[in-house]
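**Q** Throw the hints in and build the complete structure from the sequences for me.
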Amino acid sequence: MRILIAGAGVAGLTTALSLHAAGLDDIRLVDAAPEIRPLGAGINLLPNAVRELADLGLDAAVSASAVSTTELVYFSRHGDVIWREPRGRAAGHRWPQLSVHRGRLQMVLLAAVQERLGGRCVRADARVTDFQVLPTGRVRVTLVHRTGGTTTTEADALVGADGIRSGVRRVLFPDEGPPVWQRQVVWRGIARIPPFADGRSMVVGGDSTWKVVAYPIAPQPDAAGLVETNWAVSRTFVPGEDVDRAGWDRVADPAKLLAALDGWVFGSLDVSALITAAKAPFEQAMVDRDPLPRWTFGPVTLVGDAAHAMCPMGSNGTTQAIVDARALASAVAGHPDVCTAFTAYERDRRDRMTLLQTCNRALGPEVVVAMADRSRSVTRPCPSASDPDHELAEVSRRYAELGGFDVATANAASRYSVRRRPRSTRPAGQQAAS
Numbered sequence: 109m110r111i112l113i114a115g116a117g118v119a120g121l122t123t124a125l126s127l128h129a130a131g132l133d134d135i136r137l138v139d140a141a142p143e144i145r146p147l148g149a150g151i152n153l154l155p156n157a158v159r160e161l162a163d164l165g166l167d168a169a170v171s172a173s174a175v176s177t178t179e180l181v182y183f184s185r186h187g188d189v190i191w192r193e194p195r196g197r198a199a200g201h202r203w204p205q206l207s208v209h210r211g212r213l214q215m216v217l218l219a220a221v222q223e224r225l226g227g228r229c230v231r232a233d234a235r236v237t238d239f240q241v242l243p244t245g246r247v248r249v250t251l252v253h254r255t256g257g258t259t260t261t262e263a264d265a266l267v268g269a270d271g272i273r274s275g276v277r278r279v280l281f282p283d284e285g286p287p288v289w290q291r292q293v294v295w296r297g298i299a300r301i302p303p304f305a306d307g308r309s310m311v312v313g314g315d316s317t318w319k320v321v322a323y324p325i326a327p328q329p330d331a332a333g334l335v336e337t338n339w340a341v342s343r344t345f346v347p348g349e350d351v352d353r354a355g356w357d358r359v360a361d362p363a364k365l366l367a368a369l370d371g372w373v374f375g376s377l378d379v380s381a382l383i384t385a386a387k388a389p390f391e392q393a394m395v396d397r398d399p400l401p402r403w404t405f406g407p408v409t410l411v412g413d414a415a416h417a418m419c420p421m422g423s424n425g426t427t428q429a430i431v432d433a434r435a436l437a438s439a440v441a442g443h444p445d446v447c448t449a450f451t452a453y454e455r456d457r458r459d460r461m462t463l464l465q466t467c468n469r470a471l472g473p474e475v476v477v478a479m480a481d482r483s484r485s486v487t488r489p490c491p492s493a494s495d496p497d498h499e500l501a502e503v504s505r506r507y508a509e510l511g512g513f514d515v516a517t518a519n520a521a522s523r524y525s526v527r528r529r530p531r532s533t534r535p536a537g538q539q540a541a542s
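Note that our numbering has the sequence shown beginning at 109, numbered continuously upward.
No lab work stands behind these hints: they were computed from the structure.
Quick caveat, the model's predicted, so the values are computed rather than measured.
Hints are not guaranteed to be accurate.
[Stated by the list, open to error] DEER-style ranges, computed between Cβ atoms: (1) R402 x R506: 24 to 30 Å; (2) G200 x H498: 17 to 23 Å; (3) A168 x R254: 52 to 58 Å; (4) N519 x T259: 17 to 23 Å; (5) T384 x G307: 46 to 52 Å; (6) S483 x G348: 51 to 57 Å; (7) N519 x A168: 16 to 22 Å; (8) L334 x G200: 27 to 33 Å; (9) A232 x G375: 38 to 44 Å.
[What the hints assert, rightly or not] List of simulated lysine to aspartate or glutamate pairs, DMTMM-like, C-alpha gap at most 20 Å: (10) K387 x D357; (11) K387 x D315; (12) K387 x D370; (13) K364 x D330; (14) K364 x D378; (15) K364 x D352; (16) K387 x D398; (17) K387 x E349.
Glycine is no exception: its CB is placed at the ideal position from the N, C-alpha and C atoms.
**A** Here it is as structure tokens:
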């Protein structure tokens, strides 16, 4: 059985590796990019995602270029600590929370795919723009290339892992329209600065309008004692407020940020110095997708951002894409045909992801910054995760349980672990021999 995966990002590559671990070998990936290069910025992998990568034998390779995050600290815009909690192994998890450059993670996954499935299983410059499910149950897929030419290919199943602007999703829901703007603009950059806090801390600070997120993404400082640090600054606009949309999706002038955030200091992290040290920060609208009523149509389904793109709150986007991939492969391994398997995968994942999308639109766990700004009550002693009755602890606890990275859930053995064996899963529409 051949499975075609649209998208060779984290979701698509992890899906390929997971299907291979479940015993499938005829897997092909196509990606719209002219070549697969290590693009992007910093991301976080929560312990439940690291557990899944470990089950694929990749935790050491990913950890080698990542930071094992030890704590998360929330600050008010004035530099007062609102809330702090240990993360990863420091919080009692079996697996760490990893902060890493997305491109480096993608290259680790790509190398593993090429080693396990062959160097020619990934095809760049091939964007999925259309497909049809044939009377035989196979899927005929139309690919568009940079030259403007088109080709077609067939597979027994199609997995849309092609991101927030998914071509597969567009075919399934042609009237959906573009991603949904959530009244926020975000500026992103990577800077080399001296280590801050304990060198492995993630910092979130701000108020109801501006928010800063920063964390290191290189495990060691360079020869100059500077560490590669990912940062994002977001600005929330209230309804009716004038918004200049002309500057979105382009290299940004940091002067606007420096003026708005002048004097902001979170512990040993000087926000102005962080922004000034960045090369070519990028400005873009913060968008997500509305939850879908279904992901699966026969031998076609969606994973990752193609299925449930969410606002970047709580470090869950990449994590849930990895869990999707593992859940999909586990379903394929446990069901006699691909349509039944894809339906079971959706049943397992979609409702929880809908809740997570909705929660992230309401700021997810980062709502504590807005809560503190509204109450202005940050002069009291800083609460901690050891104070289980505190309202901020409750926000953190509920979000971890929803995302599946609370200690009890993440420390348990993976529900999606399958032993590799040759698979004879039937394509859609093919009946078992009597």
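**Q** Any of the earlier hints contradicted here, and which numbers?
**A** Hints 3, 4, 5, 6, 11, 13, 16 and 17 contradicted; others consistent.
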